[in-house]
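K.L.:
Chains A and B are the protein sequences, given in the same order. Each residue of the first sequence is one higher than the one before, starting from 1 at the first, in my numbering. Each residue of the second sequence is one higher than the one before, starting from 1001 at the first, in my numbering.
Calculated directly from the structure, the hints in this document are not laboratory data. Take the hints with a grain of salt, since some may be wrong.
As the list claims (entries may be wrong) - Non-contacting residues of chain B with respect to chain A, defined by C-beta distances greater than 12 Å in every case (computed):
| no. | residue |
| --- | --- |
| 1 | Pro1194 |
| 2 | Arg1249 |
| 3 | Glu1329 |
Stated by the list, open to error - Here are the simulated distance ranges between beta carbons:
| no. | chain 1 | residue 1 | chain 2 | residue 2 | range |
| --- | --- | --- | --- | --- | --- |
| 4 | B | Leu1330 | A | Leu90 | 34 to 44 Å |
| 5 | A | Asp87 | B | Arg1178 | 35 to 45 Å |
| 6 | B | Val1360 | A | Thr195 | 51 to 61 Å |
What you are looking at is a predicted structure, and each value in this text was computed from that prediction instead of being measured. Don't be surprised by glycine CBs; every beta carbon is placed ideally from N, CA and C.
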Amino acid sequence: MQALVIAAHGSHLNPDASDPTYAHADAVRETGAFDEVREAFWKEEPHFREVIRTLESDEVFVVPLFISEGYFTEQVIPRELRLEEWDPDLWESDGTDASQVTLEATDVDKTIHYCGPTGTHDAMTDVIVQRAESVTGDPDVGDGFGLAVVGHGTDRNENSAKAIEYHTVRIRERDRFDEVKALFMDEEPEVDDVTDYFESDDVVVVPLFVADGYHTQEDIPEDMGLTEDYRLGWDVPAEVDGHRIWYAGAVGTEGLMADVILERAADAGADVGDARDAIRAAANVAVPDGGRDADAGAGTGD
Amino acid sequence: MTVPTADVDDLQAAVETDGAIEFDGLRLARGEEGYALETPESDWSGLDEVELRDALVTVREYVTNWRYWQDSIGGDGTARRTFLRWCERAPLADEIDRLRADDQSSPAPDDYETLAVPQRYEILRDGFDREWGQLCVTTRLVDSHDVDERAGERVYDLWHVDDADTDLADLEVYDDPRDAREIATFDEDDRYRPLKTAPTLVSGWAFTGLSGDELVETIEFFYPATIANWHRELRGDLDVDHWLETAERQTGIYDVIDELPREAVDWMAEACCVDSQCLRRREWQYEAGDDLDVDGGDGPFPCREPCSLVVAAARKWTVLESEDERTYELELTTSELNQLTELIDAVAEGRTDEIREADVYDGANRYRARYLRAKRFADDGSLDAREVDE
Ligand code: SF4
């Protein structure tokens, strides 16, 4: 038997923070590729600490639903899962190439395949592009468009910027969008000045965040000038300084994220059969969703 | 009711493989003189195949019971199976044997009294109820008239304990375990419930006709990991992490919580971990050999380490407790001093919503609180108090 655990942050304050985790877990459940699929959280239940013992499978694939390697993937999750042999060097990563490492969890008799975060997997590049497609409602979006991939910035975690740059370069190499830029909340180039960095009239802005919350639903839209007050909502696209800004909200809510989760598990040796095809088929027919509820905000807590 | 032929075939095949089977009072062995069959009520020996089949029909409940547990449920030794057996007062096999051998190490679950198969079938025909926190599990035998192939199959219904007497027609009925996630997310005032074991689960819903696996999955969504930890406790291997261990393990912004004073940990447990706030029974202490003064509560499932909510709150309290105490002087009448007590108590007990608009006899009444504020607060909105130099 094999089990999949999707490890995410969650929130004590905002019930929406875990929605993408549940949605992707359900998508994987539907494929039947795993005998057990479980969500696990730092701030919700089941906690990382308790999740493995709720499984009957001996082989457990843990995929962190996080954007970058760093504090959570290197310290918190392995510690809370009681992976005593863990050492970040086992990933042999420079910040964006962690794949997986196989370890024993000491409180249960199980083999844990601890995977790199979803955010740095190559398949994540497709999700960002898919996000641009779904927010514009155009499967061929690219020509005449700029794309901004937005991250938090280096004050919290230097790998976070690496993940943003990594996908930015990969998308640029595809020559699909006229311009592709990495922008940040807390460092240059800043997302506040988004229109300064693009010549294209149309710019799709995709924040590389797992869930919608304070940053993606309050900070970024206000900073970019999409709206005076996030509670009033904003248009997609919205006019800013002569550009049309297609603001996508957190990329982690895109249906195709479930595919990245499966890729991570498959890279670690999970037998996922043709589950990926099923996920991709479902994600490609996803209804474009550019709008948002004016009340969807609220912080994700700490 | 007859015994499905397939069940008899399976039973015979199992005996051929293992030489003998013994399960829930049913014993069947194949010896040189033919088959020997035994239940608590009857026994046969020297049976040939035809006689065996006839005899099995007279103990059909034992046969279908065997099939249900070995085939439909399986998972010998798992928490899932043990929990489902607990749901119908079946013997808990290994777990209970261990408890008998060593009564001291951990308590049997709620004066656990097991029933033999015919008695179990008797109670299961009407549906047998078990409570799990605010959940009530009803185990029933499937009506076997039209599903003879699955005679002895159980199904499970799940309700809120408050809905025990509510008609099914008045409840929202579900059959997908995942719907439990939604139900568990908000309390009746539509506030987010970050602690799943808070005693604020809304009522008004029912899951019906769940399989054993689905029941366990549904409960996992309502009360994550409670079955796994209950099962560990039952086996005597619950791994408790006490406060200090947990606190010292923290990093990042929670690194400081191991500095929370010893007595503050008591206050914290009293604030968060009592039955009125959480249905888990707190098993963790300050550290091994240093118990907290506060009772851990009566919940059916153990809490093996401080949860993330308590850890997050502890960070705030650690900061607050690092402040020095000072002496203040402020003017209050005796009744106003008493009113402060009533206000704090009403907030701590979550009682403010219940205080009627016109009930000015309650110190936590809104008008009373506004009056006190108008009278005693300074212009900047703070309590008008002076620090006293020692
Ligand atoms: S730490 Fe306290 S509040 Fe948290 S789950 Fe345990 S008993 Fe409940």
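K.L.:
Are the hints correct? Go through all of them and say.
P.N.:
Do the hints match the structure? See the list:
no.: 1; hint: Pro1194; verdict: violated, 4 Å
no.: 2; hint: Arg1249; verdict: violated, 7 Å
no.: 3; hint: Glu1329; verdict: holds, 37 Å
no.: 4; hint: Leu1330/B x Leu90/A: 34 to 44 Å; verdict: violated, 60 Å
no.: 5; hint: Asp87/A x Arg1178/B: 35 to 45 Å; verdict: holds, 37 Å
no.: 6; hint: Val1360/B x Thr195/A: 51 to 61 Å; verdict: holds, 59 Å
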